[in-house]
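The chain contents come next:
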Amino acid sequence: MPDTILTPVNPAEPVVFTRDMLDWLPWLEPMAVEDLTPRHMKALVDAARAKSAYFRLLARDPDALEARTLTDKDIFYNPDAGAPRAERELAAAAVSRFNGCIYCASVHARFAGTYSKRVDDVQRLLDVGVGADLGERWNAVVAASVALTATPIAFGAAHVERLRGAGLDDLAIADVIQAASFFNWANRLMLSLGEPTAAAG
Amino acid sequence: MTATDADTIDTLVGIAPGSPLDAIRARRPQARTHAEASYRALFAPADPGGVTTLERFAMARFVTGLHGESPTSAFYAARLDGAGASPTLRSAIDAEIAAARTQGPWGSYPRGPLSVENTGGVIHRVADANRAALGARLASAFEHTHMLVFHPRDAAPPSLAAMLAAGWTTTDVVTLSQLVAFLSFQIRVVAGLRTLATTL
Chain S
1 MPDTILTPVN PAEPVVFTRD MLDWLPWLEP MAVEDLTPRH MKALVDAARA KSAYFRLLAR
61 DPDALEARTL TDKDIFYNPD AGAPRAEREL AAAAVSRFNG CIYCASVHAR FAGTYSKRVD
121 DVQRLLDVGV GADLGERWNA VVAASVALTA TPIAFGAAHV ERLRGAGLDD LAIADVIQAA
181 SFFNWANRLM LSLGEPTAAA G
Chain R
1 MTATDADTID TLVGIAPGSP LDAIRARRPQ ARTHAEASYR ALFAPADPGG VTTLERFAMA
61 RFVTGLHGES PTSAFYAARL DGAGASPTLR SAIDAEIAAA RTQGPWGSYP RGPLSVENTG
121 GVIHRVADAN RAALGARLAS AFEHTHMLVF HPRDAAPPSL AAMLAAGWTT TDVVTLSQLV
181 AFLSFQIRVV AGLRTLATTL
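Going line by line, the protein sequences match chains S and R.
To convert, note that position 67 of the first sequence is 67 in my numbering; the numbers rise steadily by one, no gaps.
To convert, note that position 20 of the second sequence is 20 in my numbering; the numbers rise steadily by one, no gaps.
These are computed hints drawn from the structure, not numbers from a lab.
In this text the structure is predicted, and so the values were computed from the model without any measurement.
Watch out, some of these pointers could steer you wrong.
[To be verified] Dumping the calculated EDC-like pairs for lysine to aspartate or glutamate here, alpha-carbon to alpha-carbon at most 20 Å:
no. : chain 1 : residue 1 : chain 2 : residue 2
1   : S       : LYS73     : R       : GLU36
2   : S       : LYS42     : R       : GLU36
3   : S       : LYS51     : S       : GLU29
4   : S       : LYS42     : R       : ASP47
5   : S       : LYS117    : S       : ASP127
[Unchecked claim] Residues from chain S that face chain R, not an exhaustive set, calculated with beta carbons under 8 Å:
no. : residue
6   : ASP35
7   : ASN99
8   : PHE155
9   : TRP185
Quick reminder that beta carbons are idealized off the backbone N, C-alpha and C, glycines included.
Next up, chain S with everything else stripped away, as it sits in the complex (with noise of 0.2 Å):
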């Protein structure tokens, strides 16, 4: 008996790209809270995720789901210097709103404008996508993100140099670099494993 699809009832989904908080509904079942073992829970990183069925659907696969979250912890978190965490933020939201991921751009969207107090701005990317004009520091991360998500890749070093010319150093171009990178990575997850729901409540 092979396995099959879930098709979610979804009255709900957002059809606009929002900071407003979202939930996410499951295409393929997800582990069940019981079924979590420790080596499940190790690999959630966070206790609190085993209520996240995004994140149990992931725990199928615990040793790709632990070293993803510990590689997106790193990139986003790690508070050593490189680019301030609002605008590893605004590379995530930019990815997310190129390639259309309406969840990821809600969080991130979120998340740049509560560490950069520039609501409007992230807003408006929202609204008006990547072309929006945000100021040069910001237009040079959203660009950069931006290329560096097409395919083919069309990141070069006139990306570089705009990213050096709006006051980035080195740490924080690569800062830029894999944050954008690795929304390709969450982006594709949360597109193709599931659909967007506007929260309860």
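Based on the hints, put chain R in the right spot on chain S.
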């Protein structure tokens, strides 16, 4: 550390110990370690489960080939040979890459204000001539993968259902999704850092 333990991204970027990029990567040590751990989890897993090594490298050759020739695609072409791919399988994958290569990201949004941003493209179907060499499992996975690479926002349950019908389990699909998504990351980190290196 032996040659087989070498960091894959460092190798593909050409990062020498003590170089400026070595120092930059050392500032994000967990990302470096766990990007490599991700590679190992997906390509040299402790328990391969329902996805064979040959299938993993066939997928990787297809994904990286769709991005155009690069050091990363050459790396996975060599790994595919090392995994014992037959000449027939190799040529079928190469033919699929040539037929499927396009530009992205494109795709459609849920009906509403974003519909004006919808962009179209060709939905890839594996050629009849290549189906026997690939087998039903890889053929269904390649069709799903083409969407993930070029038009991920078009993802929907039917292509997952097609993979399940071809014999993959839910857990296999999670592993294959991680594999395609991880490669989308790895190929970009390598391309980005190689570009950064030219400016240092």
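Hints breached by this structure: As far as the earlier hints go, only 6 is violated by this structure.
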